[in-house]
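S.K.: These are the residues of each chain, in order.
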Amino acid sequence: MTASTSDLPGADPILAGAVRPDTTSTEERAAQRERLRLLLRSKVFVVGALIVLVWVVCAIFGNAIAPNDPFATDPLKDLTSPNGTYPFGTDRVGRDVLSRVIVGARDILIVAPIATILATVFGTALGLVTGYFRGAVDNMLSRFIDAFLALPTVIIGLLAIVSLGPSRWTVILVIALVFAPIIARTVRAAVLQEREMEYVSAAQLRNERTTYILFAEILPNVMGPVMVEFTVRLGYAIFTVATLSFLGFGIQPPAPDWGLQVFEHYGLISGGYWWPVLFPALAIATLVIGVNMMADGIAKAFER
Amino acid sequence: MTQELATSAPVSTANALELEDLEVEYKVRGAWKKVLRGVSLSIAPGESYGLVGESGCGKSTAAFAALNYLPRNGRVSSGSIHVAGKDLLAMSDADVRTLRSTQVSMVYQNPTSALNPTIHIGDQVAEVFTLQGVGGSEAQDRAKAMLQKVQISDPTGVMGRYPHQLSGGMNQRVVIAMALAKDPTLLMLDEPTTGLDATVEAEVLDLVAALRQEFGTSVLFISHNLDVILRMCDKVGVLYAGRVVEQGTVDEVFHNPRHPYTVGLLRCIPRAGARKDQGRLDTIPGFLPGLGETLPGCVFADRCALVQDVCRTDEPPLYDVGAGHISRCHFHEQAQDLPRNTSPVAVTEERPAESSDRVPVISTRNVRKTFHQDGHEVRAVEDITFTLAPGETLGLVGESGSGKTTLARLLLGLTTPDEGSVVELDGVPVAGAIGKRDREQVRSLQIVFQNPDAALNRRFSIKRIIGRALTMLMGTRGEQLDTRLRDLTHSVRFDVRLIRAKPTQLSGGLKQRVAIARAFAGDPKIVVCDEPTSALDVSVQAAILNLLAELQVKNDTAYLFISHDLGVVRYLSDRIAVLYLGRLMELGAAETVFGPPQHPYTEALLSAVPHVDGDERPRIKLTGEIPSHADPPSGCVFHTRCPRYIGDICKTEEPELKEVEPGHFWRCHYDVDELRTLQQSAPETRPEIGVSGGQRGAEPPV
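Keeping their order, the protein sequence lines are chains B and L.
Position 188, counted from 1, in the first sequence is what my numbering calls 209; the numbers after and before it change by one each time, with no gaps.
Position 657, counted from 1, in the second sequence is what my numbering calls 664; the numbers after and before it change by one each time, with no gaps.
For reference, chain L alone in the conformation it holds in the complex (with noise of 0.2 Å):
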């Protein structure tokens, strides 16, 4: 594999896919800036390569580069590109058409924006097969019988829907039985699970696994998820600026990176198992490198630690590094040594033990939400009751729908719960409407949204976002505003310089930070944090975990932290609730909801999960999709997908949330000794049972 990078020669064996010192520029304003600087990889016949960096890294801008199907103002300004031996760019436009249309395919991020909503899902597949010249029928026929390949368990009834009727995991399916229809020598997958639930994502990818296996096809896999390329590739290249600075099989790669910047990457991530009192989490310090910016030595000089003078002069060559593994890094042999950017010491202190014993600063009974739709009674919340103690972290963690946001919402008193609801604010019931509390019970109760650029006014300056707020729940003005204003921002680590910006000229991170200091202005008793680094680079999201682990030891705040990132939830939860349809499913000790006798339902959700470390637990598939709010299952709601289903009972009858254990609840008719005998090993596989959710009749076996 070196050999072949190193040299320059004509290819001679078809590989899927060569990139040569791949040179890609993009006009902005009217001067070419350099995106990619010298991509060289290939991607041998039935191989599969990922390419992971973080976001900026030009991992899309390589895929597009090699269909030569850049935007309007990009261009291939050196190398060449050679798709099954075939050189791309000395094509002609009609032949590179051709050759898009019959040897590659790619699968986007969003599969429902790339189907066509206005078309019949057999119609799309099929018009595949018409292009190759397939009749009617038989186009029909064969799009029938790709759909059952990628494990549609009702072709012909998804073949008659639109996309809008199917789930995203359900039309992903589709678009990779598109993209396979053609048996293409090469698959792109471009983050083809990052908007997917975990369950689902790990579905899509066995699914992925399994064909490349039948079809031979080799595949270019982009992720800026490294335990999702850890699991699906061979080899690995880590993109940074523009340049692959580190490639080698994915073993070698994670395990004995030689890059600094695979190494810092590595360790931003909470590993399994990873906690916030064991250690803060390490962070690259400082920004990639402007579009187009020269750079002279090695890329990543300016973020590196070990940096010496000769990184900044000299560009690194590959260092071949063994075994097919290369690193372009001048002190290749000492990059494992990188010195920390955070002190690894915990930030959390020891918290007094009887914590637990103070007065909670919100508790909650039989909290409902039944919203109205259609005439129809949706109910998104379901009976939750649970308490949160001063400057404890209640992670909430459940797949999309699940209710999380909901909930959240309904504490906040931004949605009124149903009649009935009860929520306690150290201990004195609040008005369920946010207008009907008072200062004091509004100020103590905070959130921070998942989306930045959504929850920051883009026309406010930042010292006007943080202003407000500080006034409003405060009342500080005038002089003392300014000093409050430095102390936030001082706290949160953000320039007080950039004060004056509008979020709009901020990076991802730094205006996370401002919402972060928005929610902390009143001095909160509680912050809600819902997804607050899902939007961001691994990176960057290990500075703000470490941040609000700091702030929270600091402030002694309560946390309501909800992800669908179990590792993060993790790494900051002291306790854990799993939620589905709307109900509580199980809470307990983070510790304990993490590992056996745990409720059937976090068993799967835990088992969907990729690790890094390689700590894989038989997959426990979820068959199904989650039923729908509307028409919830009889009994137990999990009855139809779970994989430790006992029989008519759970058919029948809904169990209670019950104590099993002191502090640890579950709502299963199991018990915890039942539970932990049989969960030593993998449950037997349930027959599908279905593609839509709630269906009854169907009679699993007992």
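So here's chain B without its partners, still in its complex pose (with noise of 0.2 Å):
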């Protein structure tokens, strides 16, 4: 049958300029180019990704960029001070602190962005779930996210490691495991917003089973909220990493790891040798700081 409507009895012309069809399509388009066009116009987010996507590279194409090799240790000159050769100078079994400044980039940037994803996949479900049952379920996970998050990260951290075994794996887990509640809790709070829209009871009278309703109806609509999370945790998790490093639970000698350098090195600073120490936390500090100016950046853009 046709689709005209023209020729029903007292058809309503309303239709006829309902939304002018040539717009349909342009404003949604026009809506995800706006978007586009906040995030690049913020300059922000424009030098916090620069300085990410240099740290990227280098985690990538490490190898291939560091002047030596980071691991070839050479006695001999141990704990050169920065020169033309060494610009970042060498550490205490003299190898080159650019070279494992540079290489290290790759460790952290695999550790962190995974657990990260973990935490907002486990965090994101678990939001969905309190805040959408609310009532016996909500109370007990919310009591037990607060008690769980009482404990500082690192002794949470500690305890695993120490049961575990440290490892890339059991770093990954730590974070996740301390991050999705933290998660958790915002996505319940705008799921808690989204399932009093009727668009819910409305897919509850067709039958609909509770995880369409909260995976396929409700998650979409909170993907906003869930993307800055995601971004501002990404920030936390790379300190995490350098700080669990650091504290020596988490990726092992010898692998060129900011916060190991700095736990190597950082005994030596007294004497005089500040650069194997400088270095590696100024790396973190500006891959820190970098994924945060991208999660303002972010977190402006999904403002509504």
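Do not take every clue at face value.
[As the list claims (entries may be wrong)] The list that follows gives simulated cross-link-like pairs (lysine to any residue, SDA-like), each with its CA atoms no further than 20 Å apart: (1) L:156 / L:168; (2) L:509 / B:245; (3) L:443 / B:232.
[What the hints assert, rightly or not] Counterexamples of contact, computed for chain L against chain B with all Cβ distances above 12 Å: (4) 33; (5) 149; (6) 315; (7) 457; (8) 478; (9) 526; (10) 528; (11) 537.
Hints were generated in silico from the structure; no laboratory data involved.
Here a beta-carbon is modelled for each residue, glycine too, at the ideal position from N, C-alpha and C.
Can you join these two chains into the complex? Each is in its own frame, and there are hints to help.
M.R.: See below:
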């Protein structure tokens, strides 16, 4: 049958002008473009993204970029101060600090994002469930999360590492476990608002399964906060990876991890050997700042 | 008045407000778009001027422009604004601020957000006086006097409270008190009663009218509600696409309209007594022109049935059609012969006479719901029993908080009723919770929600929204789904080409059509309509009501129609149920309920509604606020506000819902003949019982 409406008795031409059909497709694209434009126009975001990009390049092509072998020790050249050959100097066993900083980006940029993704997935699911069901489920989980969050991250990390043994995966697991409840709280708050929307009732009135309502109906509407939360947590995750390594509970030697490098050399600062500590520390700082700047930009773009 | 508009001479009389050829533009994505296209109007001292038009016409922009208080992206591009004879555009910013703080007051739609939630009412009102340099305790005294003026019976008590502790109507009184406290030359009211119940609206309007008399203030009254304008204003301007298309005294404009837009607007409203079986409502075709669109001719040309070539090319001048009545239409003589947009033939077919004897599609017995709140029992719905026949419409009316929506959710199973409640579909009892009902039961009972923005998932396409309903409720898939989708969108007059759009890209009326299509996807026997048109403009409302009436006849669907708009309820309903504090106060055929003898509460509800037709009944004032569900009054729950209060029996004994005539039930100690006699005249006014409802001890005279 044809979809022409004009032949209906009393057809009401309201349709004719409806949304002018030509604007239908462009409007959505315009909204996306607007968001992208906001992001790109935000200096904070662009600068942050450039910093992060530098480190991502280092993580991927580190071995090619690094001027020296980051693992090659040279007892004769230990603790050389920065000079033409070694712009960042050498560490206590004569390894090139610059090369180690460049290659060191890889570990942290693998561990932190994986941990954050896991935390986001798990936390979002948890937030959806607690926000949607409220009542007893929510109360129990929320109190549990409160209790859990009362313990400092480092303590939880230590406990896990002592029982599981230090490894990359332990670090990922610990961070995911600690961040998931925090993300869950934010998502829960958003879901509390969404569940009162009548499209949820409408879904119930179609006999939809709860999983469909949670993940197909509500989830797309809370993606904004989830995205923002992801980028913010990524910054924290980087810092946590570095902290755990610094404490010696994360990535193990001789990996050129930044936190580990600081850990191995901070005792030497008093002897005037500042460079093997300063440069990895700066690397951590710039990466965290870069990610946080991106997070700021994204949060602003997603604000309604 | 016409001369004032026609001449561009500087203002000599001190009109409270004088706009001359005012053009306002908004900057949208870098381009200036025209929003007001040469608005001219003048408000004489002490005069009340109403501005009507659909949303997006520029009503609020006109008000903001009059204060030169446009948003950052707005500007006055030409024309002039004079307030009390002073040229606003020539003033310095400081002078404009002084003018705003001393001479002009504004009252907005939402009183709760206009008040500061963290400051006591008394301090907020007193601040107005403090700004005038009046000292502390005197300011408090004056604030108290002002609150008395807006008929707040316990000003001292109210002054010590916060806005959230007061009802919407009370807060609006406070806002009005603050607005009048500085004795302004001009009072602007922007949809001041739109969020309020009819009974409260009536009180607030009475108050504004009385205060206007007392203070001699000039008023600019903005509303989309023609009835309200008729009741409140001397003069009215009809605004369309940023241009005043017709202007004159309210009597002239509403009873002898000379512009097709005004004629169309007036025809959209279900007039007092109009019913679906007597004829369709007329609608206005098309849409408001886009923001800033270039319109060389008449702004209304695209939607006008009288349009001629000249309308598209030449802007109509102001035609003086007599007695200060002006119209911007080339064919103003023919305006009232505007051809109808919809056929006037009623859609309702003769329903079989025995329809009421058919097995009811839904029947309820003793449905009740108690919520538990901080250890209190809140009885939201109490003992509701009714039946609904196939193809019948039961209108559900009552003030907000009367339990209309809760009742709907109980029937749908979205809220589980208390133990002992019985809901039967087609004679078969169903589970209280939706999850325990089978597919057949779920699809036979559907709903159209009030707010389509919340009811349609904004991330889904229209196709997915309707398609999913078809798949889940009817098991329709694949090619069949496309066909059904097409049929369904066609039956709600939704252009199938828009099916890939997201809800946010559609207008309110179109969104509501999608919601209706979704409700009808499962071929339901009963559809609950929860205020389906209250978020829409009148012309769109008319189209939706026509559609609902048509679908009902086509599918023999029963409606449970919830609305606070009694004209709309009357238009669509066969029977009407009146709720108060979760209890059924009256139930009967629409015509029976809408005429005496009727329950005293129904009587009061009806008398609160203003009518364009001027069918003004004596107003019955409901004193006091709606009592709290947590602590309902003893005996008859309505006794604290009842205009026909008998005496102690009302306080001690709750009346049963009794059948007073065949098919006509009410919950009142009076019987039918007593009320018939009594309701021939208005009740004597009861003294104020007090601000907070449910308050006992106040002894009304017997």
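S.K.: Which of the numbered hints above does this structure break?
M.R.: The structure breaks hints 7, 8, 9, 10 and 11; every other hint is satisfied.
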